[in-house]
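Peer 1: In case you want the letters, here they are:
Protein chains: 2
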Amino acid sequence: MPERVGKYTIMLNNKPSIRSYASVAGKKESEGPLRKYFDHIYMDTSIGGLSWEKAESEMQKKAVKLALDKANLKANDINYIFAGDLLNQSMASVFALKDFNIPYIGLFGACSTMAEALSMSCIFVESKCANKCIAVTSSHFCCAERQFRFPLEYGGQRTTTAQWTVTASGATVICKNQDNLPYVESITMGKICDLNIKDANNMGAAMAPAAYDTIKKHLDDTQTDIQDYDMIFTGDLGLIGSELLRKLLLLDGVDITNKHKDCGVMIYNTKKQDTHAGGSGCGCCASVLCSYILNKLQNREFKNILFVATGALMSTTSSQQGESIPGVAHLLNIKA
Amino acid sequence: MPERVGKYTIMLNNKPSIRSYASVAGKKESEGPLRKYFDHIYMDTSIGGLSWEKAESEMQKKAVKLALDKANLKANDINYIFAGDLLNQSMASVFALKDFNIPYIGLFGACSTMAEALSMSCIFVESKCANKCIAVTSSHFCCAERQFRFPLEYGGQRTTTAQWTVTASGATVICKNQDNLPYVESITMGKICDLNIKDANNMGAAMAPAAYDTIKKHLDDTQTDIQDYDMIFTGDLGLIGSELLRKLLLLDGVDITNKHKDCGVMIYNTKKQDTHAGGSGCGCCASVLCSYILNKLQNREFKNILFVATGALMSTTSSQQGESIPGVAHLLNIKA
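The listed protein sequences correspond, in order, to chains A and B. Counting from 2, one number per residue, gives the positions in the first sequence under the working numbering. Counting from 2, one number per residue, gives the positions in the second sequence under the working numbering.
Rather than coming from a laboratory, the hints here were simulated on the basis of the structure. Here a beta-carbon is modelled for each residue, glycine too, at the ideal position from N, C-alpha and C. Each statement offered as a hint is correct.
Each pair of labels, with its calculated beta carbon distance range:
hint	chain 1	residue 1	chain 2	residue 2	range
1	B	Asp-180	A	Pro-152	58 to 66 Å
2	B	Asn-202	A	Gln-321	21 to 29 Å
3	A	Glu-4	B	Leu-51	41 to 49 Å
4	B	Lys-304	A	Pro-152	55 to 63 Å
5	A	Leu-51	B	Arg-5	35 to 43 Å
6	B	Asp-180	A	Pro-34	56 to 64 Å
7	A	Arg-150	B	Lys-217	39 to 47 Å
8	B	Gln-158	A	Glu-244	50 to 58 Å
If you want the footprint, here are the derived chain B segments under chain A, 3+ residues with CB under 8 Å:
hint	segment
9	51 to 59
10	105 to 112
11	120 to 129
12	307 to 320
Full structure from sequences and hints, please.
Peer 2: In structure tokens:
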């Protein structure tokens with residue numbers, strides 16, 4: 002049964018397992034360093050060409066189907082699906098998942114949504130509210146860009162601090178503990194942190210304080226230190242947010258330099274691919290988790306990692322009204 | 002500990018209690034039949050006048066503060082806050098809650114969000130992931146109208162099937178079972194139902210099949226029938242959706258006519274107040290639950306009710322692309 006440890010952390014004593022995981026990605030993502038880890042690549046990311054939003058739904062649907070196939074399960078075996086995305090009213094998830102006939106729990110945590118979905122799935126399985134759950138999120142450059150920034154045809158110049166919305170989706174099936182599968186041991190859900198960053202082209206800076214806050218709380222609650230972990234994966238701070246996070250932790254004497262990777266930095270050859278500060282979007286850390294990270298956990302190359310997904314909680318309306326961009330970060334300790 | 006009953010229902014054997022509840026509402030809502038049940042009325046719903054979105058955040062903040070006060074608790078006593086609203090990227094919730102310093106779990110289920118938030122809060126408390134949680138949602142006519150339909154200044158004519166977005170917010174504090182408090186006994190989370198309704202001015206019709214599906218599953222799973230309940234409260238089907246729900250259930254021989262009320266119908270004198278098919282919005286069933294319904298449960302006028310919140314999962318983008326409006330409904334059995 003779950004147990005509270007410290008003030009913010011939930012220990013999952015039954016250690017729910019990640020029974021399967023699947024990732025799909027677009028052309029640009031396939032040109033980055035993680036190509037071989039993705040289960041499916043779309044060379045034409047319009048996927049049918051009806052709309053970019055429908056294309057994102059198709060990707061999410063595919064990720065769920067692949068995760069079910071790899072787990073040798075049918076949709077009917079799943080008790081709940083936890084999902085979300087960046088689009089207004091989560092339309093990518095709604096239209097992706099409506100035909101699966103699985104009870105649907107919609108989430109919104111911006112780019113942190115995958116950690117939120119995974120946390121809820123694990124808590125439901127841990128507490129016996131469910132036998133099996135799916136956590137899935139997605140993002141698509143073309144619909145995110147036109148919703149949050151400019152029409153695609155505009156071709157506006159991007160600042161060096163801007164991040165590139167990843168076209169990808171990642172899905173996992175969570176079940177009761179089974180031998181030889183990666184499992185989730187503990188969860189620290191974060192609070193909203195707002196340091197008054199207002200630049201929608203510098204989301205890394207907006208999210209770094211949230212990542213710092215959640216990591217600190219997790220270390221305090223579990224009385225562990227960085228040396229106990231093989232790696233700390235954040236997503237999606239990008240180059241600038243990652244540097245800020247390292248500096249913030251260093252002020253507390255916590256040095257993550259050699260143990261830290263950010264999903265937004267990992268997914269592209271940022272310089273070669275002209276993605277400036279790196280990738281972002283709900284599909285970024287979801288697809289990196291459901292490809293590279295879980296693969297290395299399954300192979301026991303990593304045995305104990307922190308997965309810290311960060312979200313920039315902004316809308317075009319709040320930005321136009323001069324509001325700041327609050328951040329949030331949720332953390333899972335995943336072991337093999 | 003929680004236990005699965007039937008295929009879709011979670012039985013909460015520890016029976017988490019609703020320790021406190023609070024509702025705030027606007028001027029139009031105060032002119033309806035539920036005025037005396039609301040904790041706070043805003044006669045000027047611009048609340049400071051900076052923007053309609055900020056006004057909605059203020060309402061949500063107020064509802065949380067009132068619920069905390071009534072429970073004699075501080076924000077620091079709360080482990081998680083589950084929240085959501087209708088605005089793009091849930092901006093009303095984010096800006097309402099960012100200064101409470103409570104770990105934040107963002108949800109999106111359109112008008113069903115209150116049932117989603119309440120379910121998550123109860124499951125977290127039941128399974129000992131939390132000692133105390135808050136569930137809160139809100140909506141505001143002015144920002145919903147301009148986001149989903151027309152600029153307020155346009156003064157477009159409304160169809161008779163249209164619903165009126167409620168300006169209100171409701172919040173509850175959930176804690177371990179305590180004597181003499183209303184408690185949640187079981188939860189049935191719904192799947193997405195899509196009967197291809199495309200009229201954004203007839204959301205009742207889009208949501209009725211989801212309410213039907215979730216109620217049927219709950220009755221089947223718990224082997225109860227309508228006679229076992231004092232009342233079934235849906236929200237927000239409005240006049241048209243309510244009639245459709247009754248007809249759908251009657252086809253199965255289930256007659257709810259004398260036991261059914263809909264929050265969207267209850268909150269206004271629909272004819273006198275010119276609200277056509279009734280109220281809608283995340284704040285509608287939240288404020289009716291956190292005023293009239295919980296009041297009557299606390300006074301033992303009701304002892305056993307079903308609260309079935311329904312959501313129309315549409316965005317302007319999906320509607321403009323000719324998509325249908327899928328519905329979802331989540332159900333809680335609340336007892337006194």
